[in-house]
Amino acid sequence: MYLFTIKTKPDVCIEVDTLIPEKLEGLKEKEVKNLTIREGKKEVKVEELFEVEEIEGVLTFKGKWLDRVKKIGFNMKKGEIYVDGDVGMYLGAFMKGGKIIVNGNVDRFAGMNMSGGEIEIVGSAGDYLGSAYRGDYGMKGGKIKVNGDAGNEVGIKMRGGEIIVKGKAGMFFGGMINGGLLRAYEAIRAGANMKSGTIVLERVEEVLPGFIYLGKDKFENEVYHVFEGDKAVKKSNGRLYVREIGENK
Amino acid sequence: MKLVLKNGIVFDPVNGINGEKMDIFINNGRIVSKIRFGAKEIDLKGKIVMPGGFDIHTHIAGGKENVGRIMRPEDSLKNLVPKKGNLRSGSGKSVLSVHITGYEYARMGYTTALAPATPPLMARHTHHELNEIPILDKALFPLFDGNWFIMDKIVEKDYDAIKNYVAWLLHATKGYAVKVVNPGGTEAWGWRREIESLDDEVPEFGVTPREILKSIISAIEELSLPHSLHLHCNNLGEPGNFETTIETIKLTSKFERKDRPLLHLTHLQFHCYAGDSWKNFESGVEEVAKIVKKHDVTIDTGNLMFGDTTTMTADGPMEYHLQLLTGRKWANKDVELETAPGITPIFYSSKSPVNAIQWAIGLEIALLIPTEKVMLTTDHPNGAPFTKYPEIIALLMSKKFREEMLSKVNASATKRTMLGSIDREYTLYEIAMVTRANQAMTAGFKDKGHLGEGAIADVAVYDLPADVDTRNYEDIIKAFSRAYLTIKRGEIVVKEGEVIKPVSGITRYLELDYDKWIEKEVNTYFRDYYTVSMQNYIVDVNEMRMCESVAIKERRCKSVPIHN
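Chain order of the listed sequences is A and B. My numbering applies: residue 1 is where the first sequence begins, and numbers increase by one. My numbering applies: residue 1001 is where the second sequence begins, and numbers increase by one.
I should point out that these hints are in silico values taken from the structure, not numbers from a laboratory. From a predicted model like this one, the values you see are computed outputs, not experimental measurements. Careful, some of the hints might be misleading.
Unchecked claim - Restricting the straight-line Cα-Cα distance to at most 30 Å, the calculated cross-link-like pairs of lysine-lysine (BS3-like) are:
hint, chain 1, residue 1, chain 2, residue 2
1, A, 41, B, 1083
2, A, 42, A, 145
3, A, 7, B, 1006
4, A, 42, B, 1078
What the hints assert, rightly or not - A few chain A residues that face chain B, going by a derived Cβ cut-off under 7 Å, partial list only:
hint, residue
5, 77
6, 79
7, 80
8, 133
To be verified - A short list of chain B residues far from chain A (calculated; beta carbon distances all over 10 Å):
hint, residue
9, 1040
10, 1155
11, 1158
12, 1260
13, 1294
14, 1475
15, 1530
Every residue gets a Cβ at the ideal spot worked out from N, C-alpha and C, and that includes glycine.
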């Protein structure tokens, strides 16, 4: 596959939704260099912004200014992408299959409307991780793992799949979900307006008033407090597992 | 610019030309009989020539389109069109943004599209939106359905005031024809009531849909408007509504025929449902077709095609009920004193029995009703986006395509409609009728929809042999989705399916006489109820970028047959 190294600091954000494994498969280095990507509203060739090199192993993005590169792995269906560094918005959005590993942090909307595949983030994620595209139904399948923290509104309107955040998550974790599994160490206002699905938290300051306490139960061999809700929604049967409730000391 | 289109096979139903090889001469934006010299010749051997396409009912501008655009960002994402040369960018698959609406229509060989539902208060906005749509010629139809003034005057039996009000409102909105949506229904819904038949009363006003229709039809006939009443009947989309439709059509027998039909029923597909619930829902086209044949009405089909789309009508209650069925997002845009359009997205699935039957009904209508009364529309974007026209044309032309589709969709389409037993296939001449000639003639655009001498030079050329084998329906779809040439008022705007010259379109409106005293009477409504003043309500001609007017000499009828 190919290694893309960003040359200089771009003035505006770059969109690289054409550089996904299934489109690069079988292309020669010269053809890859001539593919078009977007720099702001302009269409430019890949070689103007990236150094392209054929390497053994997976499709790789490298460089200091990757946080200005959007839409890595956008709409990707198969193959693997490795990103070394912090990246911009829409990583793996609308992803249908394959795998992305990010050695760094990701900006907002990572894994948006994803329906398959896997994303692993070594650092932290921004807001709207695995959320729905505005107006649309949300994530349908696939798996997102974050080693660090995540921002607000993780997994909004999710219908299936899995999001696991090792660290803390922000507000409205798993809001409006209708299926799927979300885990985090801590979150604020988790499960607001959820209809079904599962949220597992290690600790939380307070549970939203729409949830009913069901008692203690086991989730993956560990004992949690179990809540059902959010009863603000008709016919809701979502499960919220919490190990510890109370203010942070 | 002088042009000669040589050797094309011409289909021009208005002039009775059925597949003849002939030359078309264009000079100064009009069709002429001969050009001696200095004309640019284009050889169209093996291609078919038709008048420019005409769409009588398409929601391309109005009060609710922007609500749809705001509400459906995920729809915009499905079709992103970047800026290219002198063409503007745009987005949207079912609610397209203004510029690409014009481009997409022109690519299919269409040159005219009428926006059929504008709340009068939103007329200014609509005109500004229409200004921005390139290439197409346009007109707008203001809505009269839940109008307080008209309902009050019906109670007072002041029919002269209604007539003058119709003329005044067309003048104030720079409208072209009268549109009525679910007469009385929207206003009744505002009082938490439903109108289920023509004789249900609108609460607080005490008038019935029957009275509203009668008074508006007689006003239109007295004013001799070029287009008849453009009617969206009551009970849209309800199982068993074909009876209401038949009742409505029968109303016309009380009027005298003039030089054109008395009533245009729009998107008939949504009004031809039999059965009494969604479980035994079936087609009622046969009964409706019989009545349509007998009476002096025209119809457009409102075909439904499978896929994701946004429904938007001025029929607020219907959208509310639809939203309860689908559970998806919904918006209502109430316009004071006038109407209340609703918007909700919908996915028509070929696996759903109801949707499959609706799809079949749309085709049945086109195949069972005499062609001279039929017009092809999808009620864009309610049945499907207008970009699906080529597929519908292919379905009408090819029995093989229909059979293949029937085998794929839910079996109810075969069981509960008679689509499978219809052998009829449309000819190209008939396609030219339903997509052009009938539409222009019904709308009263006498200088459009044909290629006779003096007509506006709107021409569409398709790369399709005149004796096309209807089994190769993919060729038909391909040819009709990308016109070989589209000529708009004598200028080539589309070449081989790509827009090359985005010229501006012209909006047509009526110039009417009305008695001045009506302004004083209407003004009391502005003073008492409206949040705007009458001076700010009237749209000025200067607000239309390019416009042309049709002057109507008011002809007063002596006999008013319906009121006594």
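Hint by hint, here is what the structure shows:
1. 41/A to 1083/B: The hint holds at about 9 Å.
2. 42/A to 145/A: Violated: residue 42/A and residue 145/A sit about 34 Å apart, past 30 Å.
3. 7/A to 1006/B: violated (56 Å)
4. 42/A to 1078/B: holds (20 Å)
5. 77: It is violated, given that the least Cβ distance between residue 77/A and chain B is near 17 Å, above 7 Å.
6. 79: violated (23 Å)
7. 80: It is violated, given that the least Cβ distance between residue 80/A and chain B is near 26 Å, above 7 Å.
8. 133: For residue 133/A, the interface hint holds, since the closest Cβ of chain B sits about 5 Å away, which is under 7 Å.
9. 1040: Given a closest Cβ separation of 34 Å, the condition holds.
10. 1155: holds (42 Å)
11. 1158: holds (47 Å)
12. 1260: Given that every Cβ of chain A is farther than 10 Å from that of residue 1260/B, nearest at about 43 Å, it holds.
13. 1294: holds (47 Å)
14. 1475: For residue 1475/B, whose nearest Cβ neighbour in chain A is about 30 Å away, the distance exceeds 10 Å, so it holds.
15. 1530: Label holds. Min Cβ-Cβ 33 Å, cutoff 10 Å.
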